[in-house]
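Chains U and C, in that order, are what the protein sequence lines are.
So in this note's numbering, the last one in the first sequence is 363, and the numbering has no gaps at all.
So in this note's numbering, the last one in the second sequence is 385, and the numbering has no gaps at all.
Derived SDA-like pairs: lysine to any residue, alpha-carbon spacing no greater than 25 Å straight-line:
id : chain 1 : residue 1 : chain 2 : residue 2
1  : C       : 141       : U       : 36
2  : U       : 160       : C       : 218
3  : U       : 186       : C       : 123
Keep in mind the hints are simulated off the structure, nothing from the lab.
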Amino acid sequence: MKEFMTRNKDNIITYGIVIVAFVIMQSLISAHAVSSLMTGLMVPLCAYVILAVSLNVTVGILGELSLGHAGFMCVGAFTSAFFSKLTVNVITIGWLRFTLAILIGFVCAGLIGFLIGMPVLRLKGDYLAIVTLAFGEIIKNVINVLYIGRDSNGLHFSTKDALALNMEETGEIIVNGAQGITGTPKNSNFAIGIVLILITLFIVLNLIKSRDGRAIMAIRDNVIAAESVGVNITKYKLLAFSISAALAGVAGVLYSHNISSLMATPKNFGYNMSIMILVFVVLGGIGNIRGSIISAVVLTLLPEMLRGLSNYRMLIYAIVLIAMMLFSWAPKAQDLRARLTGMLPKFGKKKTIAEGGTDNGNE
Amino acid sequence: MKRVTRALAVVLSTAMVIASLAGCGGQSTKSNTFKIGGIGPTTGAAAVYGLAVKNGADLAIKEINAAGGINGYQIEYNFQDDELDAEKSVNAYNALKDWGMDILVGSVTSGCCVAVAAESVNDNMFQLTPSGSAVDCIANKNVFQVCFTDPNQGIGSAAYIGDNKLASKVAVIYDSSDVYSSGIYAKFAAEAENQPFEIVAAEAFTSDSKTDFSVQLQKAADNGAELVFLPIYYTEASLILTQAASAGYDFKFFGCDGLDGILGVENFDTSLAEGVMLLTPFAADATDEKTQAFVKAYEEAYGETPNQFAADAYDAVYIIKAAIEKAGAKPNMSVSELGDALEKAMTEITVDGLTGLSMKWTEDGAVNKAPKAMIIKDGNYSLIQ
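With the hints as extra help, turn the sequences into a complete structure.
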């Protein structure tokens, strides 16, 4: 047990941070001590944390740049919302339907990740980034032309418009092209979000520590060396990419079951979103899972906390983002921070012990 | 070194959490003012609409406050940005709730409005959307609309074209990635089957491909269309008109309220818009006293000509005023009590506004007002009698 604790100290701290954050926030929410804004932000925060952690598998562990992550989130969101809309009157037990929806989102996004990964992962670096960006946009656009309706004859599909579905009068349009899915049951809540974060962490952290994870990291560090010792490059690349996509799908499920109007707009599933997730990962430290969690939380909260600035909000947000990025990662800024903390020995030391983490990946 | 980074990250995030928690003192204390909140995109691609609504409502509130408020109570106003994102719109709603909002004017766009309505129904918050035109927006009992619903616009346009025998062959160019546009098109196409004209071409474009319309216009011409129906916004419509003119096509054009504003597009030759017909509740050049006073005040305050969104928002505030007066509501009522009172009052009032005379509401939240058909003549909107 003791050995287990020492070996997994770092992971336990990561789980611990999530659980402690949950306990604090949940008790504050139950005591009505936090604003409605914060309460409402909890589920999106969980979704973005999962997204950041899952993208870190591709970017940090596999070492490939992906700009299509929002596309996989989109797949998870739409497949699960479709399932929930379809079965809302059939499976009346909320948690059972939602569990199935999560599994469907996970599997569908993972499958799409696998299919896209096969051609895409033959590329490397910038080329791969561009192609994933294109696939992300394709997913969004395909969903935008999809019309699915249901009447007593069963399901109707069309890619033209809602009229082309030829439904009976009583038919119900489930996926309405660009208008997306309206009225998904609101099953997501903070506790479920935290459980999903913990499951994501469990999958990702164990993957890193496993034999497969070491193989994936070997590919990242040196493909030729990895190949020469018999690592199956294609298999492990696909494994990492699919897991990353599947977990993004889970985040999509959480997202789609939190708001009642699900549309694939450039804002929520476009490449801007993919880049946003990449920003979470880069700011938190590539390969650093805990950093991803913290930066996803900080960067999601930031624009909401700046609401007081009204029109200057997005401008200030961008400036703060630049400042944070410089402060965290510019070599000069790192030197400066070292000198500053040297001047405040007590403060720095105390904080370091309190935080007490060892490194989680490469920096 | 890394530890220091971590330490700072922890300090910063702790500071943020504390700052965010400090910003809320639980439930707001009830004051002697009505707190009206607004939600819409004031940044990003749709900022034009959000800012118009923000300013339109602001103007009305300033007027009402200067004239002594509603039943003697002043109004406080707070408008929040949603970046045209449903999730951000819900965040904005929650932020306004923390501020102590009694009544919501919003959201500006349909998708955001649906998401916010799903939250506001839990608080029974009275919500009046100036421009969220999808039917789903008013699915809940606490939400009412100022603008026409998309189906009404589609059906109204088809009926108008049919009744007035404007054409026998009609082409449609619409934005399939836009809820407003595809919503109108769907109902237009359905209603067209009952009308004495035929849709010979229905060509879509998306927000990613809205600069070149030569293919769509070519198709319309090949199929012998006499009239092109444009259920889209004026920016794209101005391009379509320019490209149709330069290609030498001679279509009649017919649009909905989204075309309002086409004469104000920069570098657009307004003579191309001559004879364009549109079904809109508001035109800034209308000659009635009320519109002129509004346009003048708006131009003075914000330095630009108001569009239909501003007029809808301006009306929304006066509708709220009428409903409050009818219900005899007071600011010290709880949000839910206020919601109940106003929802009842809405079905009983009749309001003369900029966007329609004797507007009435049914319990389902849709507005009942006569659509106005305008034609562009001599570089001005004029009412078709």
